[in-house]
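Trainee: Listed below are the residues making up each chain.
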Amino acid sequence: MDLTCSDIQVYLGDAIDRTLPKQIESAFQAHLRGCRACRNSYELEQLAKYAVQSKIRRMSTPPQVYTSVLSALRSEYALSFPSGEKWWNWSINRRTTLPALAGGIALVVFALFFRGPQNRVEQLTAHTAANDLINQTYRNFLRVRSGELKPSLTSCFPESIQAYFLQQDTRFAVNILPLPNSDWYGAIANEYGKVKLAHVVYKLGDEWLYVSQVHESAALSGEELSLPPAAKEALETSGWYTDPLHPECSVVVWKVNGTLCTAVSTMKKERLLAMLTTQ
Amino acid sequence: MGRSPSTCRRMSVRPRAGSERRLMIPSLLAFFSPGLKKKHAEFEAEALPHMDVLYNFALRTTGNEDDARDLLQETYLKAYRFWDKYEKGTNIRAWLFRIMKNSYINRYRKEMKEPDTVDYDEIENFYNSIRAQSIDTNDLQEKLYGNLLGDEVAKALEALPDDFRTVVILSDIEGLTYEEIAEFIERPIGTVRSRLHRGRKLLQRMLFEYAKNRGIIKTEQGD
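Each protein sequence line maps, in turn, to chains A and B.
Residue numbers for the first sequence, in the working numbering: 4 to 282.
Residue numbers for the second sequence, in the working numbering: 650 to 872.
Careful, some of the hints might be misleading.
Unchecked claim - Just so you have them, the derived chain B footprint on chain A, three or more residues with Cβ under 8 angstroms:
| # | region |
| --- | --- |
| 1 | 69-79 |
| 2 | 155-161 |
Said to hold, decoys possible - Lysine-lysine pairs mimicking BS3-like chemistry, simulated, CA-CA at most 25 angstroms apart:
| # | chain 1 | residue 1 | chain 2 | residue 2 |
| --- | --- | --- | --- | --- |
| 3 | B | K688 | A | K52 |
| 4 | A | K52 | B | K804 |
| 5 | A | K271 | A | K258 |
| 6 | B | K750 | B | K734 |
| 7 | A | K271 | A | K235 |
| 8 | A | K258 | A | K199 |
| 9 | B | K727 | B | K737 |
| 10 | A | K272 | A | K258 |
| 11 | B | K861 | A | K58 |
| 12 | B | K804 | B | K727 |
| 13 | B | K804 | A | K58 |
| 14 | B | K688 | B | K737 |
| 15 | B | K750 | B | K686 |
| 16 | B | K727 | A | K58 |
| 17 | B | K737 | B | K804 |
| 18 | A | K52 | B | K850 |
| 19 | B | K750 | B | K727 |
| 20 | A | K58 | A | K25 |
| 21 | B | K750 | A | K58 |
| 22 | A | K153 | A | K199 |
| 23 | B | K734 | B | K686 |
| 24 | A | K199 | A | K235 |
| 25 | A | K52 | B | K861 |
| 26 | A | K235 | A | K258 |
Everything labelled a hint here was simulated from the structure, so no lab data went into it.
Beta carbons are placed, not taken as given, at the ideal position from N, Cα and C, and that holds for glycine.
All chains should be modelled from the sequences, with the hints used to inform the complete structure.
Mentor: Here it is as structure tokens:
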């Protein structure tokens with residue numbers, strides 16, 4: 004098969020992008036060997052493609068852009084809900100329910116807060132080991148805040164985060180706190196050795212909350228991960244542990260539904276505990 | 650070429666009238682509207698994973714981060730508003746891309762002008778002279794564009810006419826096949842081939858000019 008210079012122009016892109024049909028390839032190459040103009044045309048176009056590929060870096064969406072898109076969507080979602088008047092009419096019929104609910108929550112917060120893990124700070128609390136769960140969570144928290152670590156999924160909805168972890172087959176119940184004031188939720192799943200971990204990030208205005216979760220047995224009796232003895236003892240007796248070693252942030256560890264959760268937050272410890280215990 | 654995007658009207662996505670009042674209690678409203686919550690979650694699960702592709706396209710098209718962010722935001726808001734029109738199971742990336750492309754055209758409607766006739770003789774003459782001395786393609790690439798900066802290539806790309814730039818970005822940066830690009834721009838594959846060829850040729854000319862102006866390459870006419 005002989006190809007003309009016009010044919011070459013038609014197939015130039017396919018040749019450069021390696022999608023040239025097999026039956027044409029040899030004729031195409033034969034023509035290039037005998038035609039300097041077509042050969043130049045082919046090589047120059049190839050060089051233009053290489054210049055783009057080698058000089059232009061493909062970027063990830065910057066976290067602040069991601070956040071601004073999510074915020075805009077969140078405002079848009081609000082517009083699609085029933086109007087304020089309708090909601091108010093609905094809620095006014097339950098005017099006795101809501102105060103009762105609020106009172107109940109306050110009571111639970113009060114009770115749980117005051118039976119929390121106190122007087123344990125003098126026990127052995129050091130945890131600098133690389134496989135220490137608190138240590139790891141704290142480091143991840145710092146990386147997320149600085150933007151160095153970006154969640155694999157970010158969403159305004161806890162359901163999206165839950166669905167993400169279901170896909171990851173974490174083999175333990177991942178607890179997502181449905182925090183109404185959260186601007187967005189972030190999700191990361193990873194493995195440390197053979198242990199699966201789930202990490203949930205909450206952005207609440209200026210505050211950050213980072214919660215890493217792991218199967219209870221992997222943290223308390225496994226060999227891959229460790230916890231300070233004081234934490235193990237507190238978790239055994241009360242199910243809760245507050246870490247005293249990070250004065251610049253709050254660290255709380257607790258057990259729920261067979262999962263061990265470690266939270267690090269910019270929030271004050273009292274507020275964090277109150278929030279966690281009401282969920 | 651058309652106007653520079655930075656001289657065009659900045660995009661701002663404004664909330665709809667009356668939204669301020671209703672935004673005060675969105676979380677509680679959401680709590681009582683599980684159907685809508687499901688819709689929102691479904692939209693996010695489908696649409697948000699494609700943000701990187703869209704952001705890169707927006708960035709390479711508008712040429713600056715602020716406009717790229719605005720274009721991206723507008724795209725997602727429109728996509729959400731028209732989510733009911735999206736046919737489930739079809740190519741969502743192509744659907745989102747078309748929304749972005751239309752938003753871009755509407756916002757930055759450039760005075761479309763046929764590209765200048767390109768005189769390739771100078772490039773070819775220079776190319777012939779360096780080709781004889783070069784060992785392989787990598788050597789040629791280094792001699793021609795090796796010292797160009799990423800910003801210069803990005804500017805050259807940005808200066809391409811919209812239709813050409815779109816296929817060059819989708820092919821050479823995003824690595825899409827001709828079939829996918831055809832679906833994205835809703836044009837036959839032949840059009841994709843032709844635009845890609847013309848786009849790359851224009852790009853060659855621009856990169857050559859950049860390299861010449863920076864003294865990276867010296868032609869006989871001399872600089």
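Trainee: Look at each hint and say if it fits the structure.
Mentor: Verification of the hints:
1. 69-79: holds (count 8)
2. 155-161: Check passed, 5 qualifying residues.
3. B/K688 to A/K52: Not satisfied, since the Cα-Cα distance of roughly 41 angstroms exceeds 25 angstroms.
4. A/K52 to B/K804: Holds - the C-alpha atoms of B/K804 and A/K52 are around 15 angstroms apart, at most 25 angstroms.
5. A/K271 to A/K258: holds (20 angstroms)
6. B/K750 to B/K734: holds (17 angstroms)
7. A/K271 to A/K235: Holds. A/K271 to A/K235 sits at ~23 angstroms (cutoff 25 angstroms).
8. A/K258 to A/K199: holds (16 angstroms)
9. B/K727 to B/K737: holds (17 angstroms)
10. A/K272 to A/K258: This hinted pair holds, its Cα atoms lying about 17 angstroms apart.
11. B/K861 to A/K58: Holds: B/K861 and A/K58 sit about 17 angstroms apart, inside 25 angstroms.
12. B/K804 to B/K727: violated (28 angstroms)
13. B/K804 to A/K58: Between B/K804 and A/K58 the Cα gap is close to 11 angstroms, so the pair holds against 25 angstroms.
14. B/K688 to B/K737: holds (13 angstroms)
15. B/K750 to B/K686: Measuring from Cα to Cα gives roughly 28 angstroms; hence the hint is violated.
16. B/K727 to A/K58: violated (32 angstroms)
17. B/K737 to B/K804: violated (37 angstroms)
18. A/K52 to B/K850: Roughly 10 angstroms between the alpha carbons, so the hint for A/K52 and B/K850 holds.
19. B/K750 to B/K727: Holds, at roughly 12 angstroms.
20. A/K58 to A/K25: Violated: A/K58 and A/K25 sit about 31 angstroms apart, past 25 angstroms.
21. B/K750 to A/K58: Status holds; Cα separation ~24 angstroms.
22. A/K153 to A/K199: holds (18 angstroms)
23. B/K734 to B/K686: Holds, at roughly 18 angstroms.
24. A/K199 to A/K235: Cα-Cα ~20 angstroms, so holds.
25. A/K52 to B/K861: This hinted pair holds, its Cα atoms lying about 19 angstroms apart.
26. A/K235 to A/K258: The given pair, whose Cα atoms are some 11 angstroms apart, holds under the 25 angstroms limit.
Checked against the numbered hints above, the structure breaks hints 3, 12, 15, 16, 17, 20 and satisfies the rest.
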